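So you can see what is in the structure, the chains are spelled out below.
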Amino acid sequence: GNSVTQMEGPVTLSEEAFLTINCTYTATGYPSLFWYVQYPGEGLQLLLKATKADDKGSNKGFEATYRKETTSFHLEKGSVQVSDSAVYFCALSALNTGGFKTIFGAGTRLFVKA
Amino acid sequence: EPEVTQTPSHQVTQMGQEVILRCVPISNHLYFYWYRQILGQKVEFLVSFYNNEISEKSEIFDDQFSVERPDGSNFTLKIRSTKLEDSAMYFCASSPFYTNRGRGETQYFGPGTRLLVL
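Chains as they are written, first to last, in the working numbering: chain A, 2 to 115; chain B, 1174 to 1291.
Bound-form chain A, shown alone (with noise of 0.2 Å):
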């Protein structure tokens, strides 16, 4: 069945670094793929999404690149702030016989230190 995996956390990383968070996933069909952040004490946000292979989705300095070759969907940010600390979400959601629904991984716990 249809499945994501991402890197286990927690990240700390300074403020201004590089962020990577490593996504990827097992699915029949195309799917579409995206990353929801949830912050402390708030429910999900779709940060990013991509619908099909080679697509780049991008949002508030992240982006992720649609991977069909490699079946991942990698979430990157060039310098990250404390206002970023937050769990993120990779999810995909794909047709199945009830209908769509999307599945996530067990998300990644993202701290910034000043």
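What the hints contain is simulated information worked out from the structure, not anything from laboratory work.
Accuracy of the hints is not assured; some may be wrong.
[As the list claims (entries may be wrong)] Covered by chain A, per the in silico footprint, the following chain B stretches (three or more residues, Cβ under 8 Å): (1) 1213-1219; (2) 1259-1268; (3) 1279-1289.
[Claimed, not checked] Pulled from the structure, derived: some chain A residues nowhere near chain B, Cβ distances all over 12 Å: (4) GLU17; (5) LYS57; (6) GLY62; (7) GLU70.
These numbers come from a predicted model, not from an experiment.
Just so you know, even glycine gets a beta-carbon here, dropped at the ideal spot from N, CA and C.
For chain A, the structure is supplied; the task is to place chain B on it using the hints.
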């Protein structure tokens, strides 16, 4: 920008009691979902709903759970007899009609209801 709303934001209940969690999906969306997140764990799919019936449900969604769209705007999740292990954050989500030729659709999530069963 339209958004999914959920009420209440927090609910505390006694084990064995019934709870109803309410959601108002985005108005022109046709697909509705419930997910849950036990504290510190991953977000898990519970159920999807389309055209006034359940499309798919997970193993978690047993006979204690039910969903309903009682009117044109609300989408509810009922837990008939709550257990301690039902304590979690429950997220509602909605998505529009298939526009992407079978590719995965973006689901828009509400802020969640934190349920605590004592």
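Now for the hints, and whether the structure bears them out:
1. 1213-1219: Coverage by chain A holds here, the residue count being 5 at a Cβ distance below 8 Å.
2. 1259-1268: holds (count 4)
3. 1279-1289: holds (count 7)
4. GLU17: About 29 Å separates GLU17(A) from the closest Cβ of chain B, which puts it past 12 Å; holds.
5. LYS57: holds, 16 Å
6. GLY62: holds, 20 Å
7. GLU70: holds, 18 Å
The structure meets every hint from the earlier list without exception.
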